[in-house]
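Protein chains in written order, with numbering that gives the first Met the number 0: chain A, 0 to 385; chain B, 0 to 298.
A couple of the hints might just be wrong.
Label-pair ranges, simulated between beta-carbon atoms [said to hold, decoys possible]: (1) A/Val215 <-> B/Asp271: 56 to 66 Å; (2) A/Gly83 <-> B/Gln221: 47 to 57 Å; (3) A/Arg247 <-> B/Arg184: 51 to 61 Å; (4) A/Leu13 <-> B/Arg78: 41 to 51 Å; (5) B/Phe3 <-> A/Ser145: 43 to 53 Å.
Partial selection, computed: residues in chain B whose CB lies under 8 Å from chain A [unchecked claim]: (6) Arg78; (7) Ile104; (8) Val105; (9) Thr108; (10) Phe227; (11) Ile231; (12) Tyr275; (13) Leu282; (14) Leu283.
Hint data in this document are derived by calculation from the structure and do not stem from the laboratory. Keep in mind it's a predicted model, so treat the numbers as computed, not measured. C-beta atoms are modelled at their ideal positions from N, C-alpha and C, and glycine is treated no differently.
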Amino acid sequence: MSDLRPLLLRRGPLLLTALLLCALPFYLDAFWLRIGLFSMAAAIGAVGLGLLSGTAGQLSLGHAFFLAVGAYGYVWLAGEPGPGLPPAVAAVLAVLLAGAAGGLFSPVAGRVKGIYLGVATLALVFLGHHVLLTADSVTGGFNGRSVPPLELGGFTFAESDPELTVLGVPFGAEERLWYLGLVLFAVTWFTARGLLRGRPGRALVALRDSETAASVMGVHVARYRSTAFVVSSMYAGLAGVLLALSFRRVVPDYFSLALSVDYLAMIVIGGLGSVAGATAGAVFVTALPLLMTRYADQLPLVAAPGSGGGSIGPTEASRYLYGAAIVLILLFAPDGLHGLARRTRARLRRRPSVTGPPGSGPSPAPGRAGSDAASDTTARAKEHTP
Amino acid sequence: MTGFLDSLLNGLALGSVYALIALGFVTIFKASGVLSFTHGSLLLLGGYLVAVLHDDIGFAGALAVAVLVTAAVAGALDRLVLQRVGGTDPHAAHVQTIVTIGIDIVLVTDLARRIGGDLLPLGDPWGSAVTDLGPVTVADSRIAAILVSAVAIGGAFALFRFTPWGLSLRAAAEDREAAALMGVRLTRVRTVAWCLAGALAALAAVFLVAFPAPGLERTTGQIALKAFPAAILGGMTSPVGALVGSMLIGLTEAFVAGYQSDLHVLGEGFGDVAPYAVMVLVLLVRPAGLFAAKGAARV
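Just chain B, with the same shape it has in the complex:
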């Protein structure tokens, strides 16, 4: 039973961190139709900034700076590079998606060179402390991950629902042309979307490298790729779908890892790749994801 509860809590914590990243994917996709492969490097950038700055300005200050800088970098990439690619080509979003791969290669190479072979501590306040919750023992970092993610995701949903920008975003996702004719400034909407996604990625970085993970390393950014299945499962255009998908992925990973001894047929470390197996199974049944809006094609 404790094994079950352990896996459940681990899964929820992991899922809520994935949700931060997946929500970024969905926001960007809604605003621009681009799938961001730059997220790995944005995550790494956020984590790196916290790791470098926390000695001088404390963890909270470092986190604030990291979130702001990562958001600014993401917004600048969109405004200065991505929006200039492809022009009026109907496949512009595809081309921009490939450009994000190029950007990611450059950024990750540079950050990995700076990090080198080291494990950088982030200096977070919860460290390796644990709390006893009835029968199970949970790392404080997991609890913090769940709480902070809940607040951040709630904030993001409030932005979608109650602000003029959120309204523009939803309008743009519904019908780009009509939204533009109604006076929605598409370029600004998508730049803000990139900023929000960058900020969420930087936040996610802090929890991905917190205890029991050893610290920030050059490969940390690759974890962002696991949020892809989460976003795709949800249908790419639905924030709620991204949330559900992330939880599904997080729980799958935690339970497969938790019950590994019973699943040894699948090989050691199957937990790391289980999210992808789940994604393929879901796509077989619903090729556009669980929560995708039914689109009508016009010729």
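In isolation and in its complexed conformation, chain A is listed as follows:
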């Protein structure tokens, strides 16, 4: 019993968040659930890219390609024309396929570094887009293909079959996929954090900071680089599968360079090298245009879609905002939303011990409180003296 309380205290916020996320489908309508679904898919992909670009320091603009491999891989493997495998098997194979595609690129990914890799991966996006357009029999060409719903042991992630009503709430495709997305996201979250905090993560950080030093310490440079690339493409493949399931139709034009840039923006806005940051960035970048479109008529300076005449539409407004967000965040908070949150939390934690009555708020360890309070007061004194 005495062991349980500190554990609960430490894990409390996480458990609470998980509970909250599980409860949301009972309160939100399909529009919000779709935003959530797209955000979860984007977060999975962004975490993968974060491993590569944030931790290993390799710039990749090819993420859209691996998302496409995952999405189209699933559609082809599970659908007609195609082998028509059981959808669950197809989903797993699609993720492996994305990993294999990353592995095929590893002769380049293992040797080319940093900015060079960024441009080399541009090739993947353009060549991939070309293949998606021309290989009609597999990809359906310009018009794309519709996505067969996922089926798991007789349970279909679609509107019906079986009909399902939980606590008076009818469970349609969005509600079912929401829980699937949550599970996949949880898997991503824990595996990525495990990787980052373990030996591979430390090796990659060493590699990023100095290639020569890392190789002297026994890090196999080319192998770690290409492994990071493969793992990152597998996360992208998983994100692709989830995206395909939520869109219910895949088209080539979605998987363009702009999508790759979106993913890069997510991890930069969130803060490089952090799983939580990548998630926050993914939610921001995904939800912003959808929300702007929905509430266009209530926003100042933004015209409703289709009103034309050189006015700023919601899509454009959200692109301005998000381009500016990249620039401003890197100008003023180079460690992104994650760093911003950490600094705010540190400041909040210190404040009660200075201003509040003793005993109010969570008081930090006694030894640290004194020195923190002292440094805080001096910092404030400096702020108020100019």
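Since the structure of chain A is provided, determine the placement of chain B on it from the hints.
Using the frame of chain A, we list chain B on its own:
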């Protein structure tokens, strides 16, 4: 045979326009270590200015204004935004590269909104005229592209070789710290490099949208991305490499498009993506490009 000559001339014209853009990439990279993703929008800005102004002040005046304004915008972006990002972080150049993506998104969104769905004519003097050169017929715009690019590239090489700025640029590319200690003003060198790259991009825009292309549209800027393979092929730090890479890319694209009927296995429109395939093949053999200087790493 005429098909071959046609493709050759098309390739050379295309290559010389890519060379203008790739030379800008290389200049910026040498001066600052940044890969400029802003070039698409600079190109679009240059083209847009010519399209808007040519009615009032004529094509030559509009081009001059466009080149100057684009150069000034590029220089200002570097001085006011990029140089303030990253500070003394050893990865500052990477961070600045990502900032150029952000800037590009804002600029392209704004220019695309102004252009809308239109095709803007640039009012260039060569229009859709053609010249017969022996067995082949060439669009005047292609000839103009080759000639003007040759002059501009020659001018840029002269700048690198004979001016104090060029000397500073080469010194900075060789060893930033040593150059700074010798009194090279790195901030000024890189701002001038951005100005030069902006001017070259505006010039390239005029030929990219000239006949037989239909005119300036909102997606014109994306063509700048094709100069990336060109610059990477050459090794990013070598102007000669950029020139060779651009020609290689231009010729590849023109020949694949010219002989498309024989290459139908690769699918329609493979010419547009062929440059990237060439780049991947070269990077497999030489991961740092064709003309890259061998660098020694110090710990």
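For each hint, the structure was consulted:
{"no.": "1", "hint": "A/Val215 <-> B/Asp271: 56 to 66 Å", "verdict": "violated (44 Å)"}
{"no.": "2", "hint": "A/Gly83 <-> B/Gln221: 47 to 57 Å", "verdict": "violated (38 Å)"}
{"no.": "3", "hint": "A/Arg247 <-> B/Arg184: 51 to 61 Å", "verdict": "holds (58 Å)"}
{"no.": "4", "hint": "A/Leu13 <-> B/Arg78: 41 to 51 Å", "verdict": "holds (45 Å)"}
{"no.": "5", "hint": "B/Phe3 <-> A/Ser145: 43 to 53 Å", "verdict": "holds (45 Å)"}
{"no.": "6", "hint": "Arg78", "verdict": "violated (14 Å)"}
{"no.": "7", "hint": "Ile104", "verdict": "holds (3 Å)"}
{"no.": "8", "hint": "Val105", "verdict": "holds (4 Å)"}
{"no.": "9", "hint": "Thr108", "verdict": "holds (4 Å)"}
{"no.": "10", "hint": "Phe227", "verdict": "holds (5 Å)"}
{"no.": "11", "hint": "Ile231", "verdict": "holds (5 Å)"}
{"no.": "12", "hint": "Tyr275", "verdict": "holds (4 Å)"}
{"no.": "13", "hint": "Leu282", "verdict": "holds (5 Å)"}
{"no.": "14", "hint": "Leu283", "verdict": "holds (6 Å)"}
Violated hints for the displayed structure, listed by number in ascending order: 1, 2 and 6.
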